[in-house]
Amino acid sequence: MNDFEFQQSATTEEAIRSVSQNENAFFLAGGTNLLDLWKYDITHPALLVDINHIDASDGITEKQDGGIQISATLSNARTAYHSIIEERYPLLSKAILAGASAQIRNMATNGGNLIQRTRCYYFYDPHLPCNKREPGSGCSAIEGYNRIHAILGASDCCIAVFPSDMCVALAALDAVVNVQGPAGERSIPFADFHRLPGDTPDIDNNLSHGELITSIDLPPEGYAQHYSYLKLRDRHSYAFALVSVATGLALDGNRISSARIALGGVAHKPWRSVDAEDFLKGKPATEESFSTAADIILKGAKGYKYNNFKIELAKKAIIRNCLMALDPASQVPGAGPSR
Amino acid sequence: MENNRTVGTPLSRLEGKLKVTGAAKYAGEYNVENLLYGYVVNSTITTGKILTIDSSVALALEGVVEVITHENRPKLPWFDLFYADMDAPPGTVFKPLYNDEIVYNGQPIALVLANDFETARYASTLVKVSYKSEEFQTCLDDHIDKARDAKKGMATMLKPPPPSPTGDFEKDYARAPVKVDSTYQHGTEHHNPIELFATTTIFEGDGKLTIYDKTQGTINSQFYVANIFGLHYKDVRVLAPYVGGAFGSGLRPQYQLFLCVMAAMHLKRNVRVTLDRAQMFTFGHRPPNVQRLRFASEVNGRLTAISHQAISETSRFEDYTEVVSTWSHKLYPAPNTLFEYKLVPLDVYTPVDMRAPGGSTAMHAIECIMDELSYKLDIDPVELRLINYTDTDPSTGKPYTSKELRQCYLKAAEQFGWEKRNPKPGSMKRGNKLVGYGMATGIWDAFQFPSRIEMVLDKSGRVTVNNAVTDIGTGTLTVMTQIAADELGIPIDMVTFSYGDSRKPFSMFQGGSAMTASTGSAIIVAAKLLKKKLFKIAKSMKNSSLAGVSEEELSLKNGGIAGINGSWVSFADLVIHNKKPIRIKKMTMPNMLKLKKYSLGTHSAAFVEVEVDQQLKTITVSRAVSAVAAGKIINPKTARSQVLGSMVWGISKALYEETIMDAKLGKYMNPNLGEYHIPVHADIGELEVIFADEKDDMINELGSKGVGEIGLVAMPAAIANAIFHATGKRINKLPIHFDELFESEGYTPLMA
Chain V
0 MNDFEFQQSA
10 TTEEAIRSVS
20 QNENAFFLAG
30 GTNLLDLWKY
40 DITHPALLVD
50 INHIDASDGI
60 TEKQDGGIQI
70 SATLSNARTA
80 YHSIIEERYP
90 LLSKAILAGA
100 SAQIRNMATN
110 GGNLIQRTRC
120 YYFYDPHLPC
130 NKREPGSGCS
140 AIEGYNRIHA
150 ILGASDCCIA
160 VFPSDMCVAL
170 AALDAVVNVQ
180 GPAGERSIPF
190 ADFHRLPGDT
200 PDIDNNLSHG
210 ELITSIDLPP
220 EGYAQHYSYL
230 KLRDRHSYAF
240 ALVSVATGLA
250 LDGNRISSAR
260 IALGGVAHKP
270 WRSVDAEDFL
280 KGKPATEESF
290 STAADIILKG
300 AKGYKYNNFK
310 IELAKKAIIR
320 NCLMALDPAS
330 QVPGAGPSR
Chain E
0 MENNRTVGTP
10 LSRLEGKLKV
20 TGAAKYAGEY
30 NVENLLYGYV
40 VNSTITTGKI
50 LTIDSSVALA
60 LEGVVEVITH
70 ENRPKLPWFD
80 LFYADMDAPP
90 GTVFKPLYND
100 EIVYNGQPIA
110 LVLANDFETA
120 RYASTLVKVS
130 YKSEEFQTCL
140 DDHIDKARDA
150 KKGMATMLKP
160 PPPSPTGDFE
170 KDYARAPVKV
180 DSTYQHGTEH
190 HNPIELFATT
200 TIFEGDGKLT
210 IYDKTQGTIN
220 SQFYVANIFG
230 LHYKDVRVLA
240 PYVGGAFGSG
250 LRPQYQLFLC
260 VMAAMHLKRN
270 VRVTLDRAQM
280 FTFGHRPPNV
290 QRLRFASEVN
300 GRLTAISHQA
310 ISETSRFEDY
320 TEVVSTWSHK
330 LYPAPNTLFE
340 YKLVPLDVYT
350 PVDMRAPGGS
360 TAMHAIECIM
370 DELSYKLDID
380 PVELRLINYT
390 DTDPSTGKPY
400 TSKELRQCYL
410 KAAEQFGWEK
420 RNPKPGSMKR
430 GNKLVGYGMA
440 TGIWDAFQFP
450 SRIEMVLDKS
460 GRVTVNNAVT
470 DIGTGTLTVM
480 TQIAADELGI
490 PIDMVTFSYG
500 DSRKPFSMFQ
510 GGSAMTASTG
520 SAIIVAAKLL
530 KKKLFKIAKS
540 MKNSSLAGVS
550 EEELSLKNGG
560 IAGINGSWVS
570 FADLVIHNKK
580 PIRIKKMTMP
590 NMLKLKKYSL
600 GTHSAAFVEV
610 EVDQQLKTIT
620 VSRAVSAVAA
630 GKIINPKTAR
640 SQVLGSMVWG
650 ISKALYEETI
660 MDAKLGKYMN
670 PNLGEYHIPV
680 HADIGELEVI
690 FADEKDDMIN
700 ELGSKGVGEI
710 GLVAMPAAIA
720 NAIFHATGKR
730 INKLPIHFDE
740 LFESEGYTPL
750 MA
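So the sequences go chain by chain: V and E.
Once you know that position 187 of the first sequence is 186 in numbering that gives the first Met the number 0, the rest is easy, because the numbers rise by one and skip nothing.
Once you know that position 233 of the second sequence is 232 in numbering that gives the first Met the number 0, the rest is easy, because the numbers rise by one and skip nothing.
Keep in mind the hints are simulated off the structure, nothing from the lab.
Backbone N, C-alpha and C fix where the C-beta goes; we use that ideal spot for every residue, glycine too.
Careful, some of the hints might be misleading.
A partial selection of chain E residues facing chain V, derived with a Cβ cut-off under 10 Å [unchecked claim]:
# : residue
1 : Tyr121
2 : Ser426
3 : Met427
4 : Arg429
5 : Leu672
6 : Glu739
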C-alpha cells in the first residue's frame with residue numbers, strides 16, 4: 000500500500016474542497032470497494048477524505064412532494080431495514096438484501112454503492128490489458144472468459160457489467176441522485192447517472208472529480224403493492240448477478256397502468272427500456288404481455304462465447320419476475336425464483 | 000479417578016475453544032522479535048524468460064530491507080534430489096528463484112523483505128520485471144491428443160497405475176445387449192483452506208532453525224529444509240500445532256517455506272512469509288481431466304465389460320498422478336475390462352492431492368454411467384448396484400477386510416425415502432420445481448502408515464503421548480486423546496497428546512484419511528507396551544499389594560494397576576518407585592503379511608434430492624443422506640463433521656467450484672473467494688450422516704478406517720443423477736451450471 004494522506008472532514012464543503020484540489024484524492028465512506036481496488040493494485044489514492052464524520056443527515060427524510068430523501072452515508076443495511084423503505088419501497092429493500100453479504104451491507108453506504116466498480120476478472124488483474132483500467136490497452140474479456148459479462152449496451156472497448164443490485168431497484172424506481180461539488184449542487188436522474196462504455200469505458204458515471212453524492216431522492220410511487228426482485232447467480236448468496244430483474248407494477252384491475260422493469264448483471268449500467276414499459280401500459284398482466292415486453296427489452300442483445308445463455312435467461316427472468324410482482328408474497332429470501 | 004470409556008462417544012474438540020476464541024496460533028501468527036516480513040512477487044507471464052528484474056525502486060522505499068531474486072539469491076544446491084519431498088511425484092521438483100526461466104503463470108520470482116507486511120506488499124508492486132514471453136499450452140481440452148503414460152517413481156507405490164486388461168473388452172462390448180458410452184469432464188479446483196499458507200522462521204543461530212509452517216507433515220517440511228539448506232535434521236524443528244484446513248495442499252512443502260527459510264538464512268534474521276489469497280492459486284491444485292467410460296451388461300443388469308479411460312493434466316516438470324480408472328473394478332465385477340490413465344503435461348504448476356483425489360473424480364463418472372445404464376436396463380439404480388454387489392474386490396479377487404456397503408445402500412435409502420421415487424425423469428414436482436432423486440456409491444482407500452509413539456508416565460499419574468502428526472482440523476488431537484485414555488484406563492484430562500512438532504517421533508504427513516488408523520493403531524500398540532512395563536514394575540515393588548501377582552491377574556483401572564483381589568497401586572506410586580518417569584517408544588507398521596490376503600476399502604452411499612426451477616433451471620440441493628461404512632467410529636461427533644464437510648464439498652464440486660483458465664493468457668482468472676465459488680449457507684439444504692455398523696478385526700489394531708474423504712466421493716454423481724431425474728438432461732461436465740440445462744444438446748463430449 001502506497002503512502003497516503005488521511006483526512007477527516009467535518010463538513011461536506013471541506014471534504015469537497017480537499018478532494019477537488021487533489022486529482023488523486025478519494026472520498027472514503029464504507030470503503031468496501033475502494034480498499035479492494037487498492038489492495039489489488041488498481042487504485043493508489045494519495046489522499047483519503049473520510050466523510051463518515053460529517054455532521055449531516057444520515058437518515059431518511061420525507062419530502063414535500065410525498066417522496067423521500069435517503070442519505071448517501073446511510074449504510075445499505077440500515078436503508079434496507081428502515082421502516083419507510085420496507086413499507087413504501089420494498090423493492091429497494093429486497094434488492095439491497097440480495098447483494099453482497101450481511102457484513103458488507105453493514106459497512107457499505109448508499110453513495111458508495113452507486114460508484115462501485117465492475118467485477119470483471121480482467122479489470123482486477125493489473126497486468127492484463129483492460130480499457131477500463133488503462134484506456135487504449137484493449138479488452139481481454141471480449142475473447143476471454145466472459146460468463147459474467149454484458150449482453151446489452153456493450154462496446155468493442157468494454158463488455159464489463161455494473162455489479163450493483165441496489166441500483167437496479169433505484170433505476171426502476173426513477174431515483175434522483177443529488178450531488179454537491181466545487182461548482183455547487185445538482186440533481187441527476189438515475190438513468191443519466193451511469194454511462195455505457197462506448198469508447199470511454201474508464202468513465203463509469205457522470206460524477207466529476209470532487210463531486211460527492213449527498214443523497215438519493217425517490218418519488219412518491221414506490222410500487223409497494225406489486226413489486227419483485229429476482230437475482231440469478233452461480234450460487235444462492237454472495238455472488239454477483241448473472242441476471243437480475245427489478246419489477247414494479249401498478250395495476251388497474253387486471254390491466255397494467257404503469258410498469259417499471261430494470262435489469263442488472265447485463266450491462267454497464269442498470270438496464271431499462273422505456274419502449275417495453277410503454278408497451279405494457281394498458282395491457283393485461285399476463286405471461287404473454289411480459290414475454291413481449293421481455294423481447295422489447297432484449298432487442299439488440301448480443302452474447303459472447305461464454306455468456307450467450309444470458310439472453311435466454313434474461314427473457315425467462317423478466318417474465319418470472321413480472322409474474323412474481325403480481326404476488327409479492329411469492330418472493331423468497333435471497334431473491335431466488337418463486338417456489 | 001473414575002474412568003469411563005470415551006471411544007465411541009461424541010466428545011467435542013478439545014481445542015475447540017482455543018480456535019473459536021482466536022487463542023490458537025497459526026503459522027503466520029507467531030510474533031517474535033526483529034521479524035522481517037516477506038512478500039512474494041509472482042510472474043505475470045506464463046512461459047519464457049526474465050530479461051531484467053529491477054528492484055531499485057522497491058529497495059529505495061523506507062522499510063524495505065532486501066529483495067531476493069534469482070540474480071542475487073544465496074547459492075543453492077542444483078541437484079534435484081535435494082528438493083524432493085516425501086510426496087514428490089516422478090520428475091524434477093520446482094526450485095524457486097533458481098534461474099531466469101518462467102515455467103508457469105504466477106511462479107514466484109522474487110521475495111521482498113521489509114519491516115512490516117504492508118510495506119513489503121507495496122514494494123512488491125514496485126519491482127519492475129521485463130520478460131521474453133514464449134508460447135504455452137495450459138488448456139487440457141485443447142491438448143488431449145498429447146496424452147501419454149505417466150512416469151513411474153516412489154509415488155507409484157501409493158498410486159499404482161491401472162491394472163492390465165482382462166478378457167476381451169472390445170469384443171464383449173460389441174456383443175453386449177446393453178451398453179453406455181459417456182464422456183465426463185472436470186475443471187481445475189484449488190484447495191483454498193481459509194488459513195493462508197504462511198511460514199515463520201526463527202533464526203536461532205548455530206545452524207539451528209525453528210519453523211512454524213502451514214503443513215500437513217512437520218517431518219516432511221523438516222527434511223525438505225534440511226536437505227536443501229544443508230542443515231542437520233536435528234537442527235531444523237518444524238512446528239504446526241494448528242492447521243486451518245489444508246485438504247491436501249499441505250502435503251508438499253510450498254514455496255513460501257523455501258523462500259522464508261532462504262531469507263532467514265541469508266539475512267540471519269527471523270522472517271515470516273505469508274501468501275495472499277490470489278497466491279493460493281499459484282501452486283498445487285486438483286487437475287482438470289477428461290474421462291471416457293464404456294459399460295456393458297446383460298439384460299439382467301450383470302456387467303460384462305467395463306472400460307474407463309482417463310486423461311489428466313500435469314505440469315511439464317513432474318508427473319502427478321491420481322488413481323482414477325481403477326475404481327469401478329474395485330466395486331463391480333466384470334470379466335472384460337480395459338483401464339487407461341494418461342497425462343498431458345502443460346505449462347502449469349504440478350497438481351497436488353485434493354480431498355479424495357482421483358476417487359471423487361472417478362466415482363462421479365462411474366456412478367453417472369451406472370445411472371445411465373440403469374435407465375437403459377429399466378432397473379432401479381440401487382437394485383443395479385445390488386445385482387453387481389460383491390464382498391470381494393473384483394480387481395484383485397481378494398475379500399475386503401470388511402465391506403458394509405449393502406447396509407449403506409439400504410439404511411440411506413430408507414432414511415431418504417427412496418421408495419417414493421418415480422423413476423420417470425421430470426415426473427416429480429413440488430410447486431414450480433422439478434424434484435429429482437439421485438444416488439451414488441462411494442469407495443475410498445483405508446490406508447495405514449507407519450507411526451512411532453512415545454508415551455511418558457509422570458509422577459502425577461499423567462501420560463504424555465508424543466507423535467509428530469498434525470491435526471489439520473479433522474479432530475486428531477481429540478481422537479488420539481480418547482484412544483490413549485481408554486487404553487490406559489485414565490480420564491482424558493490425564494492424557495496430553497503432544498503433536499504437530501517434527502521433534503516428536505515419526506509420523507507421515509496427514510493425508511489419505513489415514514491418521515486415525517495410523518496414529519490410533521500405534522497408540523494402541525504403544526499402550527500395550529507401556530502396560531507391560533508398568534506390570535513389570537508393579538510386580539517388582541516389594542511392599543506393594545501387587546508384588547508377586549501374575550500378569551494375567553493385572554489390569555489398568557482408575558489411573559492405576561488393579562489385581563483381582565481388590566488390590567490397587569496408582570500410576571503415581573509406580574513412577575515414584577521407578578524414581579523417574581516411565582517411558583516407552585514404539586513404531587507400528589501395518590501388518591502387511593496378514594493384510595496382503597485382503598483388499599482394504601471404505602464405502603459409502605449418498606442419496607440426494609435436488610429441486611430445479613421449471614423455467615429458470617436454477618438448481619438447489621434440498622437434502623442429502625450419506626451412509627458411511629468405515630469400521631469403528633472413534634468419535635461420532637468429529638467423524639460426522641468430517642462427513643458433513645465432505646458432503647458440502649461434494650455439492651461444491653458438482654455445482655460451484657472451478658478455477659477458470661483463460662487459455663489465451665495461460666492464467667487462472669478467478670483467484671479469490673468472491674469469484675471462486677464455494678458453497679455458502681444458502682446453498683446447503685438438510686444433510687444427514689449415517690454410520691453403518693461395520694466390525695473389522697482384520698484391518699488394524701483399532702478396527703477403524705478413515706472418514707476424511709469418503710463423504711465426498713459419492714456426492715457429485717448423486718447430484719448429477721438427481722438433476723437428470725429432475726430434468727431428463729445429463730450434464731457430464733462439472734461443475735454443472737444451471738444454464739447448461741437450457742441447451743437441447745447439453746455437453747458435447749471431447750473424446751467421443
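inquiry  = Take the shortest C-beta to C-beta distance between arginine 429 (chain E) and chain V; is it under 10 Å?
reply    = With a minimum Cβ separation of about 8 Å from chain V (threshold 10 Å), the hint on arginine 429 (chain E) holds.
ask   = How about leucine 672 (chain E): closest beta carbon in chain V under 10 Å, or not?
value = holds (9 Å)
message = Checking hints one by one. Is methionine 427 (chain E) an interface residue toward chain V, by the C-beta closer than 10 Å rule?
response = violated (15 Å)
inquiry  = So, as I understand it, the hint says serine 426 (chain E) touches chain V; can you test that by seeing if any CB pair is closer than 10 Å?
reply    = violated (19 Å)
query = Any CB of chain V closer than 10 Å to the CB of glutamate 739 (chain E)?
reply = Because about 8 Å separates glutamate 739 (chain E) from the closest Cβ in chain V, which is inside the 10 Å limit, the hint holds.
Restraint satisfaction for tyrosine 121 (chain E) [CB to CB of chain V, less than 10 Å] = holds (5 Å)
The structure fails to meet hints 2, 3 from the earlier list, while all remaining hints are met.
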